[in-house]
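Participant: Here's the letter readout for the chains.
Number of protein chains: 2
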Amino acid sequence: MSKRTISMLAKEVSVNVETIRFYERKGLINQPPKPMQGYRHYPNETVNRIHFIKRSQELGFTLKEIEGLLALNDSPCSKVQELANKKLIAVQKKKADLLLLEQALEEHLSQCQNNDDDSHCPIIDSLQPK
Amino acid sequence: MSKRTISMLAKEVSVNVETIRFYERKGLINQPPKPMQGYRHYPNETVNRIHFIKRSQELGFTLKEIEGLLALNDSPCSKVQELANKKLIAVQKKKADLLLLEQALEEHLSQCQNNDDDSHCPIIDSLQPK
DNA sequence: ATAGGTTGCGTATATAGGTACGGAGTCAAC
DNA sequence: GTTGACTCCGTACCTATATACGCAACCTAT
Chain A
1 MSKRTISMLA KEVSVNVETI RFYERKGLIN QPPKPMQGYR HYPNETVNRI
51 HFIKRSQELG FTLKEIEGLL ALNDSPCSKV QELANKKLIA VQKKKADLLL
101 LEQALEEHLS QCQNNDDDSH CPIIDSLQPK
Chain B
1001 MSKRTISMLA KEVSVNVETI RFYERKGLIN QPPKPMQGYR HYPNETVNRI
1051 HFIKRSQELG FTLKEIEGLL ALNDSPCSKV QELANKKLIA VQKKKADLLL
1101 LEQALEEHLS QCQNNDDDSH CPIIDSLQPK
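Same order as they appear, the protein sequences are chains A and B.
Residue 28 in this note's numbering sits at position 28 of the first sequence, with consecutive numbering throughout.
Residue 1011 in this note's numbering sits at position 11 of the second sequence, with consecutive numbering throughout.
The hints are simulated quantities; they were obtained by calculation from the structure and are not laboratory data.
From the three backbone atoms N, C-alpha and C, an ideal C-beta is built for every residue, glycine too.
Heads up, some of the hints might be wrong.
As the list claims (entries may be wrong) - If you want a taste of the chain B side facing chain A, the calculated C-beta under 10 Å gives, among others:
| no. | residue |
| --- | --- |
| 1 | E1024 |
| 2 | D1118 |
| 3 | L1127 |
Generate coordinates for the entire structure from the input sequences, incorporating the hints supplied.
Facilitator: Set out below in structure tokens:
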């Protein structure tokens, strides 16, 4: 097994080299020590970490929250559940907001359907002040 | 009617003074000329503009899009519809994404329900690499 | 042994939508 | 006639998540 340099790691986990450095700066992953000779090489653990981060992001967690999750590695399940549950509630709220938005847009658009005069738009009108 | 200074305007439309300056820099509203004597004063038109901006934001338009809307004031209704429709599609896509996210979170959480051992969390496990 | 790709590191840039600060000028009230 | 509030202006800062740049050191293949 040849030493894993930063660009090999980047390719392996499909992120940008700069992103890895960014995570290092953020403390999300450890920067391996720089050997006397040659470049830093990255252990499997870092590969795992980045996979963890990416999967968590897919679940909608922010990097800050992921930092929390990483610290929770040995915490009771109830703690993790609490975080995930909070996130679920936030997602549901966001969905409800978007539903309202969708309805408002549809209503505005329906006004255009009933509009004969293309030179004048009821949407602009209703955005205009009273 | 007394002259409307920037802070009076801010209060009237319920935004921060700094936000008004920010909109001026962005070109979303005109900065009124500075009189020889005293402070700038803001016409009703600016009040209207800011209301327009705020309502558009409530419909989910970004400031950049609003800039476009403002420029569309005298454009044919079909153009405005096109913009609104694009926004509607984007909103629907976002909603669908959130639905997936919600389901994934719920699934993860349900695993915790069936978990006897609080000292160990299946969510962390499933985030962990294979 | 030299060309040219990487690495390492610090810093800057990007988006979006503001908020905050510092200092000088100005206005209104007491 | 001075104090305190407000304005003006430029600039810096904020969150979040990266991406890009510049330059020197270094490594590898020919």
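Participant: Checked against the structure, which of the hints given earlier come out wrong?
Facilitator: 1
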